[in-house]
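Listed here are the chains, written in short residue letters.
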Amino acid sequence: MNIVVCVKQVPDTATERKLRSDDKTLDRDAADGVVNELDEYAVEEALRLKEAHGGEVTVLSMGPAKTTETIRKALAMGADKAVHLHDDALHGSDALGTSYAVSQALKKIGFDLVILGSESTDARTGMLAAMLAERLGAPQLTLASKVEVEGTAIRVERITDYGYDKVEASLPAVVSVVEKINEPRYPSFKGIMAAKKKPVETLGIADADIAADQVGLANSWSEVVDFAAAPPRAAGTVIKDEGDGGARAAEFLASKKFI
Amino acid sequence: MSEILVLVDHVDGDVKKVTFELLTLARSLGAPAAVWAGPGYSDSAKARLAEYGAEKIYVAAADEIGDYVAAPKAEVLAHLVAERSPAAVFLAATGEGKEVAGRLAIKTDSGVIADAVGVGEGFVAEQSIFGGGVNVHSRVTRGIPIITVRPNSTAPVAAAGAGAEEKVEVALSDAARAARIVERVVQEKGGRPELTEAAIVVSGGRGVGSGENFAIIEKLADSLGAAVGASRAATDAGWYPHQFQVGQTGKTVSPQLYIAAGISGAIQHRAGMQTSKTIVVINKDAEAPLFEVADYGVVGDLFQIVPQLTEEIEKRK
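Respectively, the protein sequence lines represent chains Y and C. Under this note's numbering, the first residue of the first sequence carries the number 1, and numbering increases by one thereafter. Under this note's numbering, the first residue of the second sequence carries the number 1, and numbering increases by one thereafter.
For the record, the hints were derived by calculation from the structure and aren't laboratory data. Do not rely on the hints blindly, as some may be mistaken.
Cβ-Cβ distance ranges computed for the label pairs, FRET-style [as the list claims (entries may be wrong)]:
(1) ALA228(Y) / ALA215(C): 36 to 44 Å
(2) ARG48(Y) / GLU51(C): 46 to 54 Å
(3) GLY211(C) / VAL225(Y): 44 to 52 Å
(4) ALA160(C) / LYS257(Y): 23 to 31 Å
Below, simulated EDC-like cross-link-like pairs (lysine to aspartate or glutamate); rule was C-alpha separation at most 16 Å, straight line [unchecked claim]:
(5) LYS81(Y) / GLU69(Y)
(6) LYS277(C) / GLU292(C)
(7) LYS315(C) / GLU69(Y)
(8) LYS240(Y) / GLU287(C)
In this text, all values refer to a predicted model and were calculated from it rather than measured experimentally. Note that beta-carbon positions come from the ideal geometry of N, C-alpha and C, so glycine has one too.
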């Protein structure tokens, strides 16, 4: 089975994240870049499927030069090879442009299964997997908490607000996974060393047949008008419990008409 | 006034509150037209949609729309966008709502905005990003604005609309029938409201200490008619089911009142609750970062404070 796992480098959520004042895009230099956490579950699931069914796991990541750090991490976990979609023309692409560029790269690579994390911790649109399914005409098996493959049949449990749906489709398919589908492995020392020798192919937009007028900030379908740091919340009242803390909290709730 | 399509969020014919919020928001910017996709449409659903201002109700009630993941709803909306040229399309910023929006954006060559907490003149959307640290105004510049709106960001206000019903027939494509839902599994919530829709959420974290101890969080929640949430530390420890996790990698909630007990408030958690209107924090550590966003905080032992609070609430009923 030919599995492509999409990973994204995102600013570390533990650091202060910013937008750039010049073009209002994500400031990738303001914070350390790390693998988007939910994508680690996607890599793990890809590796487990490969271990169970054979085949190959290819990492696909779109982003600037330093994205190679994230690609190496996924390779160190055990992926076989990687494709780095990297072109200045891609800078500032919105969800539509990104999904277009990634879908073109996927067509070039070829796949039986595409796996992604269900959302990124920076943009958090939660749309990319559905958009890839739409663009590729492939079944959308998103928000999966369980994935099973049998021959060309694929079944997932899709998390919903009321519980979950059991969903079935045929390969090739697009899957997005939620946290807790598995426990991502840590790269071993051997894995880290091996990752340095694994092939990483860099694709520019021309290499992946990506039309320049469908990607990048200037061609986005939406724009940031303005942004500002959220005003700090007005300082609240903090009391120390002197045996009546619960009762005083109830007073507060009553003053706000919650009770 | 120009029409704004609002995709009705419903489970088995039960219209969810976020739909009334979307209709209320749409009323301030145009003429709301509800779009029903899937089985379960009824006179009572129609009455509720009209009560909250739906001038029109487009009904695509074919069973098969509900049989497949996301794609059929996007096809119904794309059909209406082509026929009606609405000013905008609003959807709930839920897992499925965002997916339908994303597919619709591609079908209609239109921009899409995720997780708005408000929409103003010119369909400029307000978003709260980076765990609530930055407020952004954004707008769609190509096609029609497709905007998903976070539940609980608008107070639903009734104002009667005509509710003129119009049947819609859409022949689904083969691609829309690719991911088939073979079974829907409903998990027991203990009769509590849904986490993302609840007006009040009571969450427990590491300080709760065990799964059994979550009973005191549930009792407080039940005294307020609230949903129960949990921090990642609590769900990672297996004390509470994962689907109740509030935070960066879990659910984003924006209730009128959020009560956090035994949660220190790492960015992981704050990202999921910082836009709550009123925040109450109970923690034994006075230095817990969550106190920084608290409207009211109590420093002390949650095992003393939470039961006392529950008892006081019960007394006042």
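A quick look at each hint next to the structure:
1. ALA228(Y) / ALA215(C): 36 to 44 Å: Distance hint for ALA228(Y), ALA215(C) holds at roughly 43 Å.
2. ARG48(Y) / GLU51(C): 46 to 54 Å: This hint holds: roughly 49 Å between Cβ atoms.
3. GLY211(C) / VAL225(Y): 44 to 52 Å: Holds, at about 46 Å.
4. ALA160(C) / LYS257(Y): 23 to 31 Å: Holds, at about 27 Å.
5. LYS81(Y) / GLU69(Y): At roughly 14 Å apart (the allowed maximum being 16 Å), GLU69(Y) and LYS81(Y) satisfy the hint.
6. LYS277(C) / GLU292(C): holds (14 Å)
7. LYS315(C) / GLU69(Y): Given pair LYS315(C), GLU69(Y) is violated - Cα atoms ~58 Å apart, limit 16 Å.
8. LYS240(Y) / GLU287(C): Holds: LYS240(Y) and GLU287(C) sit about 12 Å apart, inside 16 Å.
Hint check: a violation occurs at hint 7 only; the rest are consistent with the structure.
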